[in-house]
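**Student:** Please construct the entire structure, taking both the sequences and the accompanying hints into account.
2 protein chains.
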Amino acid sequence: MTKPHPDTVTANGRDYCWPDRPLVVICLDGCEPDYITQAVIAGVAPTLARFCEQGSSLNAECAMPSFTNPNNLSIVTGVPPSVHGICGNYFLDPERGEEVMMNEPHYLRCDTLLARFAEAGGAVAVITAKDKLRTLLGKGLQGICFSAERANELTLAGNGITGVLDRVNLPLPSVYSQALSEFVFAAGEVILREHRPDILYLSTTDYIQHKHAPGTAQANAFYAMLDPYLASFEELGAHIAITADHGMNAKTDAAGQAQIIYLQDWFDRHLGSALARVILPITDPYIAHHGSLGSFATVYLPTGTDANAIATELARLTGIESVLTRPKAALELELPADRIGDLVVIAERLQVLGTTASRHDLSGLDAPLRSHGGRSEQIVPLLFSHPLVALDAGKRWRNFDIFDLALNHRRPA
Amino acid sequence: MTKPHPDTVTANGRDYCWPDRPLVVICLDGCEPDYITQAVIAGVAPTLARFCEQGSSLNAECAMPSFTNPNNLSIVTGVPPSVHGICGNYFLDPERGEEVMMNEPHYLRCDTLLARFAEAGGAVAVITAKDKLRTLLGKGLQGICFSAERANELTLAGNGITGVLDRVNLPLPSVYSQALSEFVFAAGEVILREHRPDILYLSTTDYIQHKHAPGTAQANAFYAMLDPYLASFEELGAHIAITADHGMNAKTDAAGQAQIIYLQDWFDRHLGSALARVILPITDPYIAHHGSLGSFATVYLPTGTDANAIATELARLTGIESVLTRPKAALELELPADRIGDLVVIAERLQVLGTTASRHDLSGLDAPLRSHGGRSEQIVPLLFSHPLVALDAGKRWRNFDIFDLALNHRRPA
Chain A
1 MTKPHPDTVT ANGRDYCWPD RPLVVICLDG CEPDYITQAV IAGVAPTLAR
51 FCEQGSSLNA ECAMPSFTNP NNLSIVTGVP PSVHGICGNY FLDPERGEEV
101 MMNEPHYLRC DTLLARFAEA GGAVAVITAK DKLRTLLGKG LQGICFSAER
151 ANELTLAGNG ITGVLDRVNL PLPSVYSQAL SEFVFAAGEV ILREHRPDIL
201 YLSTTDYIQH KHAPGTAQAN AFYAMLDPYL ASFEELGAHI AITADHGMNA
251 KTDAAGQAQI IYLQDWFDRH LGSALARVIL PITDPYIAHH GSLGSFATVY
301 LPTGTDANAI ATELARLTGI ESVLTRPKAA LELELPADRI GDLVVIAERL
351 QVLGTTASRH DLSGLDAPLR SHGGRSEQIV PLLFSHPLVA LDAGKRWRNF
401 DIFDLALNHR RPA
Chain B
1 MTKPHPDTVT ANGRDYCWPD RPLVVICLDG CEPDYITQAV IAGVAPTLAR
51 FCEQGSSLNA ECAMPSFTNP NNLSIVTGVP PSVHGICGNY FLDPERGEEV
101 MMNEPHYLRC DTLLARFAEA GGAVAVITAK DKLRTLLGKG LQGICFSAER
151 ANELTLAGNG ITGVLDRVNL PLPSVYSQAL SEFVFAAGEV ILREHRPDIL
201 YLSTTDYIQH KHAPGTAQAN AFYAMLDPYL ASFEELGAHI AITADHGMNA
251 KTDAAGQAQI IYLQDWFDRH LGSALARVIL PITDPYIAHH GSLGSFATVY
301 LPTGTDANAI ATELARLTGI ESVLTRPKAA LELELPADRI GDLVVIAERL
351 QVLGTTASRH DLSGLDAPLR SHGGRSEQIV PLLFSHPLVA LDAGKRWRNF
401 DIFDLALNHR RPA
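Residue numbers (our numbering), protein chains in the order written: chain A, 1 to 413; chain B, 1 to 413.
Treat the hints with care, since some could be wrong.
[Claimed, not checked] Straight-line C-alpha distance at most 30 Å; calculated DSSO-like pairs for lysine-lysine:
hint : chain 1 : residue 1 : chain 2 : residue 2
1    : A       : Lys328    : A       : Lys395
2    : B       : Lys395    : A       : Lys328
3    : A       : Lys328    : B       : Lys328
In case anyone wonders, no lab produced these hints; they're calculated from the structure.
**Tutor:** Take a look at the structure:
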């Protein structure tokens, strides 16, 4: 007996057909396309190999900055940060005048399509690796929503479910582990089997991808871990759609030394100490992955500074790919103008941006730095278990087209 | 007994101190910095690990286009293609009106520093993997100059040496093999031991790098093969300096499908059949590596075409990173204006450019396409066995600074 439901659901101006079977959408954190290619070549991911051969595969652009929160929110809203407002993990809140994590749901400026499907009578479940994403993704959602990190603290009121840890045959994972992502898949399997949601959104952590290059034994082991879960989702009758929040590149020289431009130090020398304020939106309480070093920064300039002149000067530095003033950045990168600084700075592919040398603790990095945030990490996979139809050839796909593609371009049954 | 020699040698406006011991400069074809980093992490390259720790390491920009011939010639002349004239493996010769390989020495517009050192009394030896580079690198050179590919055909008049194959304990290698590069190192070891040149230039082939990602078993095996030769060069008293002609990136989606824009097809649709002429400077008789697919193309437009208008239109295509008109390309990319078309087209990191679908034979590709040619493959390693001194911090290093760095910035004995 199926419940009545509308044919389509609308969210943020986009229409989505109702799923004809459970749809599992997976955001594989930091999944540069080559991670999948290499795991398939290595023969450790037969289900992914089957998707590559029998389903559909596209390259797509993620939202800028190529960080976790902006992209997870783009994926579940179908729109860029200029609309949903989440333009970093961390920002300078203009109302409070202080730097804060952008994890609170009130920062999200639109509804999620997940909440809209649930409103329309759909069963929706969301499982994240870290808890920091859970409250944003779950905004307004009547459904199941929890993180692997806090799977031992679930309440019916807060998470729409309890007792997950007992049903998943895995211990509560460490936040710095591949096991955190594995728990997401294992819990997803339990939820899919026992609750059969119309939409299941799974979001992992890039702990492995920050440390290990595509095709290395450790990276392949991550995809080998994932693969049987995908097979299981299929056996349970689901369609599966996979994308990433961002890619990943080495940020080092041949010797494995991180290539860092300390922007706050540069501005302190050029404009005077602590007059400009450099914000790194990658900043996160979990710094062992990347030492808060990414390829994107935004800068608040002291009143009266000529933003264009300083942008031109900064853009000349070796390793800087581009410097955009606020209006240009808002337009070209689809960012909310009121939540970025006077300048947006993007580093080259093998380069990252820091604040001051003294503020970055790199002692937690036990492998040569790999990170993201720039244009060079913008291409991510779109991989579907089932073939898509009626695609517009040559279109610039975005990772936040994934629900549109999976629901509106599936082959008619 | 040392022969008298000048303190410095000048080539193309740059001065080079005379080597105080044999200097081995190695151009590792397609050596994205991460290949070295990953081989060191994997523990298969102890000599490279020692260079990383005790020598000097920098990231540098190669010359554009990021192809083999332009960069090998930049390295041995110390200047960009705008000066030396070699801007591709292949081009439209304006004098002959036909597309030809750019391998003939008369295309080279300046002297090499190798020839200048030899003129000043230095003993110079050059060993390349493929023969196509030999004649260009050996232009005007009184010294040893041969390729692994034709090591069985040496003449004293043509190569300055004979009998190499008898002295190298390896069979004549196949042109499609890692063995072709290994032969370069093995022959280099013989030459260094028996002839003790002041300068030994070794240039490999990217057969492995076109097929295998950094950190994979096969890529690591290449660097493991190289490593004992480096140790041997050091034991023989040489300083070693390593760079690359270009980096390397996957040019595929997650499914390993090559991401190709067929430019000639696009121009044929937009301007009429065969009116524009798309040239791919990666073109090479050895196509099994890459099917002549790279991330750089140049286009000759029919007379009367508005180059700016068509550039703007082309730049909108998904996967195109930039389109420059001839004067802008010549200036910004340091290219010889008379040897490029009306437009220069650069593709994005995971994207390549073709002519027409029918003209590319991809049947030789037995692994997902990896290639180069674009801005995204411009960063290459500069790795020295010995520590450098008096470096200008923040300078934009080029791979063709390698002789300057090795000879003029060595620590005084």
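**Student:** Does each hint fit the structure? Answer for all of them.
**Tutor:** A quick look at each hint next to the structure:
no.: 1; hint: A:Lys328 to A:Lys395; result: holds (23 Å)
no.: 2; hint: B:Lys395 to A:Lys328; result: holds (28 Å)
no.: 3; hint: A:Lys328 to B:Lys328; result: holds (23 Å)
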